Amino acid sequence: MRGLSGPRDCPMDLTLDHITHRYSGMPVLQDIDLQIPAGEILCIVGPSGCGKSTLLRLIGGLERPDEGAVRMAGAAPEGCLNPLTYVFQDFALLPWRTVEGNISLVLEDHGLGGRKGEEIIADVLARTRLSGFRKALPRQLSGGMKQRVAIARALAVNPAVMLLDEPLSALDAQTRELLMDDLVGLWTRQPFTGVYVTHNLAEAVRLGHRIAVLSRRPGRLREVIEVPRALEDRRAGDPELEALQERLWGLMRDEAMAADQELVDV
Amino acid sequence: MRGLSGPRDCPMDLTLDHITHRYSGMPVLQDIDLQIPAGEILCIVGPSGCGKSTLLRLIGGLERPDEGAVRMAGAAPEGCLNPLTYVFQDFALLPWRTVEGNISLVLEDHGLGGRKGEEIIADVLARTRLSGFRKALPRQLSGGMKQRVAIARALAVNPAVMLLDEPLSALDAQTRELLMDDLVGLWTRQPFTGVYVTHNLAEAVRLGHRIAVLSRRPGRLREVIEVPRALEDRRAGDPELEALQERLWGLMRDEAMAADQELVDV
Amino acid sequence: ANTKLTVGALRFTSHAASFVAFERGYFADEGLDVEFKFFEAAQPMAVAIASGDADFGVTSITGGLISLAEKGAAKVIAGALMEEKGIDGQMILASNEAHAAGLTSPKALDGKSFAVTQAGSSFHYMGAKIAAAEGVNISYKPLQKVGAIIGALKSGQVDAWTIVPHIGKALVGAKAVSQIGMVADYLPDYQVTTVFTSANNAANERAKTEAFLRAFSKGAADFNAALVDKTLDAAGQEEMVKLIHKYVYEDQPYEKAAKSIINGAMRLNKDSALNMGSVQDQVDWFKSEGLVKDSITTEMLVDPSYVQMM
Amino acid sequence: MSEARVVPFRGGGFRPVAKRGAGLLVFVVLILLAEWGTRAGWIGNLTLPRPSDVALTLVDLWQSGRLWTHLVPSLTRLAVGGVMGISIGIAVGVAIGLFSHVRAGLVPLVAALFPIPKIALLPLFVIWFGIDEGSKYALIAFGTFTPTVVSTYGAVDNVDRTLIRMGQSFGLSWFSIVRKIVLPGALPGILSGLRVSIAIGIILLVAAEMLGAEYGIGAYILQAGSLYDLERLFAGVVILSALGVLTSWAIGLAEKRLLRWRS
Amino acid sequence: MSEARVVPFRGGGFRPVAKRGAGLLVFVVLILLAEWGTRAGWIGNLTLPRPSDVALTLVDLWQSGRLWTHLVPSLTRLAVGGVMGISIGIAVGVAIGLFSHVRAGLVPLVAALFPIPKIALLPLFVIWFGIDEGSKYALIAFGTFTPTVVSTYGAVDNVDRTLIRMGQSFGLSWFSIVRKIVLPGALPGILSGLRVSIAIGIILLVAAEMLGAEYGIGAYILQAGSLYDLERLFAGVVILSALGVLTSWAIGLAEKRLLRWRS
Ligand SMILES: Nc1ncnc2c1ncn2[C@@H]1O[C@H](COP(=O)(O)OP(=O)(O)OP(=O)(O)O)[C@@H](O)[C@H]1O
Ligand SMILES: Nc1ncnc2c1ncn2[C@@H]1O[C@H](COP(=O)(O)OP(=O)(O)OP(=O)(O)O)[C@@H](O)[C@H]1O
Ligand SMILES: [Mg+2]
Ligand SMILES: [Mg+2]
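Residue numbers (the working numbering), protein chains in the order written: chain A, 1 to 266; chain B, 1001 to 1266; chain C, 2001 to 2310; chain D, 3001 to 3263; chain E, 4001 to 4263.
Okay, chain A solo, but in the shape it has when bound (with noise of 0.2 Å):
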């Protein structure tokens, strides 16, 4: 059976080897460098506009870095058709086509349009408990269904590594929760390897194995924290992980203020 990347079967890593980004000539990220390691969720924390998107976007190779490089080492994992998958922020699901018809379009492309295709959507439904939505269109879904498909789609891809973009920050603050415990269930059944971006500190030290802190724009790399206690052992007002979440509160709260009063000058 096809299986996702775990960390003792398919370690596929990444590494960010002094990574410096400019847009068109205002610097935005500034010598980053990164490991991140297979079967790991590594958070990523930073005021807004300090350049957690534009990183994301470099590491999966929607841009290219100005300085220094991404590097990928050992296999993808069997079965995988895009190592480097992302999930958005806004969804991104194709208003046209229905749920199945979404995570189709990732697989048509590499003539899984048939039974073997069926078979994968079937199993990713079931795995993000949408297979009573195969036929609905986007457009009836509520914003954490449509998160749910957008999951399901990156799952059929079989991926090396996730890439999501402030998954949940679209999302209401219930439903979030409800998301939340979606992700840790489906990484705690089949660890995957993730990069994580987030505004939001409770959700990095719910889901991040590591949480990496960046300053304000140019993003510098701040600090790597470990979060303690395994994904599935976090409950909500466990002191530790209280704690750690006003440390790394204490750690932004000036810059995220700065950055919020910045004015977009045009």
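None of the hints are false.
Here are the computed distance ranges between Cβ atoms for each label pair: (1) 3079(D) with 2288(C): 44 to 52 Å; (2) 4069(E) with 3012(D): 54 to 62 Å; (3) 2231(C) with 3042(D): 54 to 62 Å; (4) 3263(D) with 1254(B): 26 to 34 Å; (5) 1022(B) with 243(A): 46 to 54 Å; (6) 3012(D) with 1254(B): 32 to 40 Å; (7) 4047(E) with 2002(C): 26 to 34 Å; (8) 3079(D) with 4160(E): 36 to 44 Å; (9) 4033(E) with 3100(D): 21 to 29 Å; (10) 4192(E) with 113(A): 41 to 49 Å; (11) 250(A) with 1182(B): 16 to 24 Å; (12) 1033(B) with 113(A): 51 to 59 Å; (13) 4013(E) with 24(A): 14 to 22 Å.
The calculated DSBU-like cross-link candidates involving lysine-lysine, where the alpha carbons are at most 35 Å apart (straight line), are: (14) 4118(E) with 2169(C); (15) 2270(C) with 2071(C); (16) 2169(C) with 2218(C); (17) 2287(C) with 2169(C); (18) 3118(D) with 2129(C); (19) 3118(D) with 2287(C); (20) 2293(C) with 4118(E); (21) 4118(E) with 2154(C); (22) 2112(C) with 3118(D); (23) 3256(D) with 4118(E); (24) 3118(D) with 4256(E); (25) 2037(C) with 2270(C); (26) 3118(D) with 4019(E); (27) 1116(B) with 4256(E); (28) 3118(D) with 4118(E); (29) 2154(C) with 3118(D); (30) 2037(C) with 4118(E); (31) 2242(C) with 2230(C); (32) 2004(C) with 3118(D); (33) 4118(E) with 2112(C); (34) 135(A) with 3256(D); (35) 3118(D) with 2037(C); (36) 4118(E) with 2175(C); (37) 2154(C) with 2112(C).
Residues on chain D that point at chain C, a partial pick, calculated with CB under 8 Å: (38) 3046; (39) 3123; (40) 3126.
The hints are simulated quantities; they were obtained by calculation from the structure and are not laboratory data.
Note that the coordinates shown come from a computational prediction; the quantities given were computed from them, not determined experimentally.
All C-beta atoms in this analysis are idealised placements derived from N, C-alpha and C, irrespective of residue type, glycine included.
Assemble chains B, C, D and E with the ligands onto chain A, guided by the hints.
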């Protein structure tokens, strides 16, 4: 000097009297009975689509209830231009007016265009720490700053009651944190009456004196919970508040999940 | 097999020669298989000859025709209709309003508006010639279509116009407009319409072109005999009118149409001879008005090898 | 505490809805007014034709079969010319939307072609395409081409770029992205542009039939106009207007079918 | 561990940008081609005029002062007719956007008027407004009216309703809401609609000058067409095209000034 409605000096209370509302036959709110005493913030939480925004529109007179009535008793505070004043989720700033223009918009119709208006604008901008951004256009501001402008605008009419519909849910988590502090600060310096609709239980236990929990659509009042501790004494990680938040989530979790999985059928 | 030919025509009595030649089989006798293509104004016909959509056309000399001839696309090869003293020719008309206000003769045209279809049309030429002869200034109103001009003249939107008699007499008869003169008084022997074809036909299809002109001339002779010289008896006349009615005023009852057709008969050139003097005068006028290039000559316009030049 | 007042209502409004039938009423009233005026004489017979006479003319057109004599050639011209102009327009518009070089080269050209009056080019078209159907097709094709190009590349520009980035991030081929993301995403904009293009095509029928058309609604109108025959003129205009409303309705139907996925 | 590969780049593209100058290049190349063709003879002199001759004609028009003889009346007609049609169109469009009854009554009427070819109405306009300037103003006014109405009420419909609810929630008067929220909010849509309306106005110049105009760019073009004088025909078309590009540029300038608040 103009003063916001405090609990003692300007007691204007709102009473919701058996409110029932339908949209083209579909019941949205059923038999809501609520009391909103002066000087307190009432939070309203409930699953998606349960009618929270509708309820707020009914309170503010933007919608007419099918049955029942919203009554106000007592006098509005001195210098009050608009007793029931909204703060919207998407800020609702006029993009073609500067920060001060957006505030003067709500004064002009009351003949406060001149020096008197200038004074009010300077006052509310100072209170929301926006004095340096008078001439900025909305497009130059971050989301958090925009919502601060909207709050300043609401303060400018010296309302008897502030009606806030998920004022922080369009903001990122860090900005949300900053603005919660701001709101607590504003209330502490000069207490106001507020109805605060949110999905976010952390916000509710942080900002509400009481929390009204609605059921799924058709929204009924399930419970009204008193929050212990004064607003200014609440801290993240406070075990009592954490417990309250857990209890609220326990009350709502199943309904939130059911609401999320609902198909919007067209 | 017969040679296929497309002949452009207006639904005017002045085009009768083609209709007669067709109906009486003169074209067929020459081995020509003719098909008519009808136009609403002279100028598009010239373009159609140039584009090869029509082989022969009969129409007045317009600025457009001269321009196309200059570009080597069209050639005048024969004459068709001509003003002749003693035969009712084109009339000068005024609107009833203008007439009531004193426009009773071409002398009073000064400052009046004069309808033309388009700049560089034969109406423009006639108007200019009349104005020059009377020493008056007139302004030209281009109205694109004969029908539009009639409407404008009836409702007094324009003051004056010239037109062939089969239309003019009907209008005057209905008291819709007033007649104030005759074109022939200003332009004696005016070569009103000519036969023209593409330069290619004129130069390289000699047999075909000559055959066409022979049949055409025969038709013209029949027409002249029946309706201009009236050498035929009443039955012969009626037969001719009936033939023409198939093409002209077809939407009107025969009695009404017959009157207009008989009234409007003007001399068609015998043997399709061409009045070079008149042609020269027209070309000169177009040049003097700046409507066509100065470099143009009558040699560019006319191929004199087919018919007799007057 | 003083007595309680009910919160006053201050919402509503600013959301006008088209009511079915009201439009019809306006038409009926206008027609009745014109009928009354022309009968009573306070509208002169040169100003407006009597609506009942226009109706009779239409009925007569229908019964005599001349309606089809005129309608069939016009519809053919509209269909052939429209299909040519619109399909080439969509192709060029998509190319402008996709390729920088095409955009750089063609956008200014299209902008310069847009304000050229098509009637002005009639004599030229006759030489280029012949006086028969060719020039008529070409005129309508040219007239529908420019607005289609503009609306199509606008529609391609408006396709959500995050969807395209998504396609790239899943390693879809360029061709797959165009076929499965760009084209369906541009469809709403293209369809709504079609409305305008077809309306322009109908308007151009008259211009197209100015040269050498004996039959056709445009020719019928032109002839009526030059004869100041107001009944026939209005009858022709009514037919074109009905044609326009009909095609717009058909596009609305196509939108409902093809764009069911829109909320 | 196996050797590390660099992540391949797979983004970019699908964001064509108009490069200045490239458009100019296309024009220059096309003109040079036409020049070469007409000189070498593989483009017949009936098919296209020589571009240099067109340029000479334009220079001559300018030097002889006849450019102004033709341009001034045309611009006057465009200005008077356009201002009438556009201002009434904006007023009607705003009314349709604000009032249910107006919308119900007028939208179908406007939809029916839209596909009516303006040339068809020319004879009627001559009767109604006289053969002089009146009918020309009316034709251009009528032609610019319908597209302006459609774009204006679309723009009013697109004004963010939450801004209007905000105005109501602060107790602003109806008139204040219209003046301070609805109209500024509709301005971008109205301005971009103006582009189309003015282009249509320019196109209609030729139709307007078909009846009874001695001077005017449209009359000049028509005359050139009837004389089959391709140099002058193209010179006239170039002038109209330049006029269109110029007004479009002016509106772009107005947008930059008035809509500075847009991102
Ligand atoms: N394509 C681009 N062209 C030019 N500048 C860009 C581009 N994308 C991002 N930027 C700029 O680069 C900076 C970093 O952007 P980025 O989106 O990576 O930040 P972020 O950390 O994801 O912000 P947020 O928290 O708001 O999502 C910002 O100042 C942004 O304006
Ligand atoms: N103007 C309207 N017309 C018809 N139905 C409406 C209207 N406004 C809201 N509804 C419906 O009424 C129900 C309640 O809507 P409301 O916006 O009050 O819910 P809510 O609790 O604010 O939801 P959310 O948490 O998503 O903000 C929903 O089912 C919604 O679809
Ligand atoms: Mg980002
Ligand atoms: Mg809501």
